[in-house]
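K.L.:
Each chain, written out:
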Amino acid sequence: MTAEHLPILQVAVPLALAPVCLLIGNRHLVWLLATAGGLFTFVCAAFLMVSVFNQGPLTYYLGGWEAPWGIALAIDLLSAFILLLVGLVATLTLIWGKASIENEIPGEQLSLFYCMFMLAVTGALGIVATGDAFNVFVFLEISSLSSYAMIAMGRDRRALTSSFQYLVMGTIGATFILIAIGLLYMMTGTLNMADLAARLPAVRETTTVLAAFAFLTVGVSLKIALLPLHQWLPNAYTYAPSVVSAFLSATSTKVSLYLLIRFFYTVFGADFVFRDHGLQYILMPLSLIAIFAASGIAIFQKDIKRMLAYSSIAQIGYMTLGIALVSQSGLAATIITMFNHGLIKGALFLAIGGIFLRTGTSQLAKLGGIGRTMPWTMGAVVIGGCGLIGVPLTAGFVAKWYLIVAALEGAAWVVASAIVLTSLLTVVYVWRTVEILYFKTPGDSVRDIDEVPMSMLIPTWLMVAMVIWLGIDTTLTVGLAEQAAAMLFDVTP
Amino acid sequence: MMTGTLILTSMALPAVGGCLVALAGRWPNIREAITLVTATSLFLVILGLPGASGVFTIAEPAPGFSLAFHIEPLGYVFACLASFLWIVTSIYAIGYMRAHNEPNQTRFYAWFAVAIGSVMGIAFAANMLTLFVFYEALTLATWPLVTHSQTDQARRSGQLYLGILIGTSMVLLLLSIALVWQITGSVDFKAGGVFTEPVSDTILTIVYALFIFGVGKAALMPFHGWLPAAMVAPTPVSALLHAVAVVKAGVFTILKGTVYLFGLDNLSDSGAAEMLLPVAALTIILGSVIAMRQDNLKARLAYSTVSQLSYIVVGALVANTLGVIAASLHMVMHAFGKITLFFCAGGIMVASHKTEISTMGGLGRQMPITMAAFTIGAIAIIGLPPMGVIWSKWYLIAGSIEGQYWWLIGVFAISTLLNIAYLLPIPLQGLMSSPAADDHPGWHEAPIPCLIAMGITATGCVALFFFAPAIAQYLSSGLAPTGSGDQP
Numbered sequence: 142m143t144a145e146h147l148p149i150l151q152v153a154v155p156l157a158l159a160p161v162c163l164l165i166g167n168r169h170l171v172w173l174l175a176t177a178g179g180l181f182t183f184v185c186a187a188f189l190m191v192s193v194f195n196q197g198p199l200t201y202y203l204g205g206w207e208a209p210w211g212i213a214l215a216i217d218l219l220s221a222f223i224l225l226l227v228g229l230v231a232t233l234t235l236i237w238g239k240a241s242i243e244n245e246i247p248g249e250q251l252s253l254f255y256c257m258f259m260l261a262v263t264g265a266l267g268i269v270a271t272g273d274a275f276n277v278f279v280f281l282e283i284s285s286l287s288s289y290a291m292i293a294m295g296r297d298r299r300a301l302t303s304s305f306q307y308l309v310m311g312t313i314g315a316t317f318i319l320i321a322i323g324l325l326y327m328m329t330g331t332l333n334m335a336d337l338a339a340r341l342p343a344v345r346e347t348t349t350v351l352a353a354f355a356f357l358t359v360g361v362s363l364k365i366a367l368l369p370l371h372q373w374l375p376n377a378y379t380y381a382p383s384v385v386s387a388f389l390s391a392t393s394t395k396v397s398l399y400l401l402i403r404f405f406y407t408v409f410g411a412d413f414v415f416r417d418h419g420l421q422y423i424l425m426p427l428s429l430i431a432i433f434a435a436s437g438i439a440i441f442q443k444d445i446k447r448m449l450a451y452s453s454i455a456q457i458g459y460m461t462l463g464i465a466l467v468s469q470s471g472l473a474a475t476i477i478t479m480f481n482h483g484l485i486k487g488a489l490f491l492a493i494g495g496i497f498l499r500t501g502t503s504q505l506a507k508l509g510g511i512g513r514t515m516p517w518t519m520g521a522v523v524i525g526g527c528g529l530i531g532v533p534l535t536a537g538f539v540a541k542w543y544l545i546v547a548a549l550e551g552a553a554w555v556v557a558s559a560i561v562l563t564s565l566l567t568v569v570y571v572w573r574t575v576e577i578l579y580f581k582t583p584g585d586s587v588r589d590i591d592e593v594p595m596s597m598l599i600p601t602w603l604m605v606a607m608v609i610w611l612g613i614d615t616t617l618t619v620g621l622a623e624q625a626a627a628m629l630f631d632v633t634p
Numbered sequence: 008m009m010t011g012t013l014i015l016t017s018m019a020l021p022a023v024g025g026c027l028v029a030l031a032g033r034w035p036n037i038r039e040a041i042t043l044v045t046a047t048s049l050f051l052v053i054l055g056l057p058g059a060s061g062v063f064t065i066a067e068p069a070p071g072f073s074l075a076f077h078i079e080p081l082g083y084v085f086a087c088l089a090s091f092l093w094i095v096t097s098i099y100a101i102g103y104m105r106a107h108n109e110p111n112q113t114r115f116y117a118w119f120a121v122a123i124g125s126v127m128g129i130a131f132a133a134n135m136l137t138l139f140v141f142y143e144a145l146t147l148a149t150w151p152l153v154t155h156s157q158t159d160q161a162r163r164s165g166q167l168y169l170g171i172l173i174g175t176s177m178v179l180l181l182l183s184i185a186l187v188w189q190i191t192g193s194v195d196f197k198a199g200g201v202f203t204e205p206v207s208d209t210i211l212t213i214v215y216a217l218f219i220f221g222v223g224k225a226a227l228m229p230f231h232g233w234l235p236a237a238m239v240a241p242t243p244v245s246a247l248l249h250a251v252a253v254v255k256a257g258v259f260t261i262l263k264g265t266v267y268l269f270g271l272d273n274l275s276d277s278g279a280a281e282m283l284l285p286v287a288a289l290t291i292i293l294g295s296v297i298a299m300r301q302d303n304l305k306a307r308l309a310y311s312t313v314s315q316l317s318y319i320v321v322g323a324l325v326a327n328t329l330g331v332i333a334a335s336l337h338m339v340m341h342a343f344g345k346i347t348l349f350f351c352a353g354g355i356m357v358a359s360h361k362t363e364i365s366t367m368g369g370l371g372r373q374m375p376i377t378m379a380a381f382t383i384g385a386i387a388i389i390g391l392p393p394m395g396v397i398w399s400k401w402y403l404i405a406g407s408i409e410g411q412y413w414w415l416i417g418v419f420a421i422s423t424l425l426n427i428a429y430l431l432p433i434p435l436q437g438l439m440s441s442p443a444a445d446d447h448p449g450w451h452e453a454p455i456p457c458l459i460a461m462g463i464t465a466t467g468c469v470a471l472f473f474f475a476p477a478i479a480q481y482l483s484s485g486l487a488p489t490g491s492g493d494q495p
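Chains as they are written, first to last, in this note's numbering: chain F, 142 to 634; chain Y, 8 to 495.
To be clear, the hints were calculated from the coordinates, so they are not data collected in a lab. Some clues are possibly wrong.
Said to hold, decoys possible - Covered stretches of chain F (in silico footprint by chain Y; criterion: 3 or more residues with CB under 8 Å from a CB of chain Y, positions within the stretch not fixed): (1) 258-267; (2) 529-536; (3) 545-552.
Glycine residues also receive a C-beta, built at the ideal position from the N, C-alpha and C atoms.
Given the sequences, and given the hints that come with them, work out the whole structure.
P.N.:
Written out as structure tokens, the structure is:
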């Protein structure tokens with residue numbers, strides 16, 4: 142009975158929990174509630190995944206009202222996959238985050254913070270679950286606004302300016318998306334994605350639809366932080382509270398990228414996007430520049446969180462690169478990278494968050510020699526770093542391998558070479574960090590600190606274990622990604 | 008299934024041993040006992056393995072894309088070699104590390120064990136992907152060993168080490184593997200190679216060149232710089248890893264790929280391999296020439312290794328059965344000779360604190376046993392009877408003639424002369440010239456465990472002269488089905 146309501150439950154429950162969090166003053170209780178909410182979304186996502194896997198895509202009509210009037214939620218393999226990632230990361234970061242949140246957020250704002258976190262989870266899940274274009278905008282705003290608030294809660298005062306920067310950029314993006322949705326509605330008279338897909342071909346030649354397409358692409362690219370629209374991301378990730386950096390880096394850009402794939406393949410159709418308007422010729426160079434430039438910039442960062450942020454921009458380049466290859470295997474590679482990179486970056490930010498909790502800094506120069514005082518946390522950093530490089534037996538290798546093979550399949554030799562070449566840059570910035578963290582003689586700030594508590598180590602290492610597990614057993618990631626990509630290619634008109 | 012379990016044991020055993028070593032760090036005697044027990048049991052496990060087996064798949068990340076192991080002659084010989092020399096090196100390391108008062112010895116022994124475990128993975132890999140996994144694991148596991156002293160120089164060497172090894176493998180080798188996968192749909196090691204469909208000579212040449220240069224561990228010029236840099240590591244590391252395990256893993260990868268991935272017939276028919284022969288020949292000569300100019304003993308030995316590794320590469324590149332047998336034999340022979348030389352170099356460093364050759368005059372009177380071992384090792388590398396190397400050189404020349412690369416014989420001849428020129432003066436001046444005035448007169452030998460280790464490997468150099476035909480026969484038994492095609 143309840144099983145069929147899973148799509149809405151997993152969005153509604155965190156939404157309902159958000160105001161409840163606000164009412165609870167006890168810091169243990171509010172954490173427990175939020176964590177339970179996160180766990181609930183994860184369990185829902187897992188059930189949805191099984192259901193979609195066995196019975197195919199499902200559509201849920203809110204309140205039983207059919208499509209043109211009611212609001213639809215549509216879950217297919219791709220959305221179930223991303224829901225799973227969001228649920229998983231939300232749960233793990235919340236379990237991990239208790240000590241870190243209480244350390245970084247002032248006591249009186251704790252309830253507020255958990256409320257915002259729940260809203261951010263709601264927004265991310267909602268964007269992925271919905272089958273309605275306008276709802277996309279609504280959930281996008283929910284997730285963005287709560288993110289702005291959470292980033293602003295960072296201990297460093299620069300968190301305020303970075304939050305404001307993100308707010309300005311994010312609002313421009315959201316406005317563009319809204320304009321696009323409005324234009325589409327004007328041309329087709331519907332907001333339901335399936336109906337949009339059915340009616341758009343009739344008007345695909347019009348300038349209005351083209352304008353909608355352009356607004357949407359730029360708007361979503363802003364949220365993805367595709368170079369050159371990435372300026373908000375490094376500051377946001379650097380100055381946000383650790384738990385927020387971890388959650389956002391693992392999910393928010395992935396969710397926005399999901400949106401791009403959804404609109405490209407389901408709503409507009411691959412033919413319209415790539416054959417008629419040749420978007421790949423813009424996307425490909427931008428992705429390549431993103432990979433090279435962001436990796437190069439990452440090498441020179443003094444702050445480890447900022448370095449990881451630039452690394453994220455580079456990884457986003459890999460993901461859009463897969464899309465720009467315009468092939469089923471390229472899209473599959475993108476989906477694999479989305480999931481695997483989410484886990485890798487999540488694990489890294491959790492580990493760095495642990496370091497921040499103990500030392501109060503993420504400046505590389507002040508962390509020399511920390512490998513001796515926090516061996517387990519540093520082990521996680523090294524394995525996560527190996528994942529970023531794409532060392533075999535980590536999830537990062539699987540993602541890179543499929544991307545290279547997809548590029549070679551499309552005879553894109555230059556692209557394949559570029560992909561392997563950039564792993565060199567990744568080696569440089571990862572190993573430079575490892576060197577500093579292990580080599581330097583420990584300074585005052587790191588000499589007398591303890592390893593982080595088990596409550597943080599276990600979630601961190603769970604993520605690390607998954608990074609390794611998904612590098613060995615890829616039935617989940619590769620199998621699902623290939624099926625999801627196949628489905629997306631089938632629905633193209 | 009028994010065999011499968013044993014193969015896995017050969018990888019798990021060193022890893023577990025490494026963990027135990029890390030746990031027992033507080034008690035040096037127990038720690039080193041664990042190392043010795045692990046090394047010995049590993050060797051016994053390897054001896055217990057059959058000489059050939061089917062494929063055992065551990066995990067299959069994607070269809071046709073698996074972590075799998077098998078036993079075939081090349082890998083078996085390599086595994087025997089590495090595991091046996093690990094025992095000897097462990098004995099040596101106990102003497103060396105204690106006498107040298109090295110810090111962080113626990114870390115040293117632990118990572119050493121992990122590195123050996125990776126070598127076993129390379130030796131038994133049944134496809135290129137598995138091999139690549141352990142190849143990278145070996146690079147990462149040896150980084151803490153190279154940077155052991157944690158000085159600035161060690162850090163820089165570590166950067167060069169990782170930069171070249173990871174760089175070549177992640178860029179060239181990975182691209183080559185992906186291309187093979189893309190063209191043939193398989194990266195499994197198969198008799199005759201995976202290129203069953205005809206493929207254009209140009210493409211095969213490109214892919215093969217990417218492969219050969221991608222294996223940075225084989226130290227083919229211009230990707231050889233990491234090897235001299237790695238000499239900053241403690242001598243047992245230079246001895247086992249940078250004269251045997253790591254570099255031999257490199258040339259082993261080349262051999263295995265040449266025989267089982269690309270296929271000898273394909274390579275000789277398309278001319279893909281012979282394009283690279285000049286590079287290998289140049290490395291042989293240049294390596295020797297640079298070695299002559301080194302005054303630091305370990306650096307000279309390192310460049311000598313660079314040069315000798317290319318003998319093995321040449322054996323692969325002539326692309327016929329004789330060449331492969333020669334290469335595999337040379338892998339073994341050179342290992343024994345070079346490890347002896349490194350043992351001696353380390354012994355000299357510990358006992359008399361000398362690292363530069365020009366200061367070693369008259370050393371033969373203070374360290375006669377070490378110098379005797381050094382002489383045997385030097386003769387072995389040069390390739391005079393009764394040393395095993397004579398056999399591998401013999402096969403190498405036979406292989407070159409079969410492939411009608413007459414000019415290679417000239418290369419070997421010049422290189423042998425160069426070997427004599429840079430190796431023999433060391434023991435000679437040790438005996439002839441008188442020691443410097445401030446040296447202590449009388450015996451001043453290396454620690455006993457070091458001497459034992461030198462004795463074992465020096466004896467090995469001679470013993471291999473008698474065993475070489477048997478090894479060659481075992482190797483050719485495994486190669487016969489593949490190589491029969493290119494017999495004239």
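K.L.:
Look at each hint and say if it fits the structure.
P.N.:
Structure-based check of all given hints:
1. For the stretch 258-267 of chain F, the stated coverage by chain Y is not satisfied: 0 residues place a CB nearer than 8 Å to a CB of that chain, which falls below the threshold of 3.
2. Proximity of the stretch 529-536 of chain F to chain Y, defined as three or more residues with a beta carbon under 8 Å from a beta carbon of that chain, is established by the 5 residues found.
3. For the stretch 545-552 of chain F, the stated coverage by chain Y is satisfied: 4 residues place a CB nearer than 8 Å to a CB of that chain, which reaches the threshold of 3.
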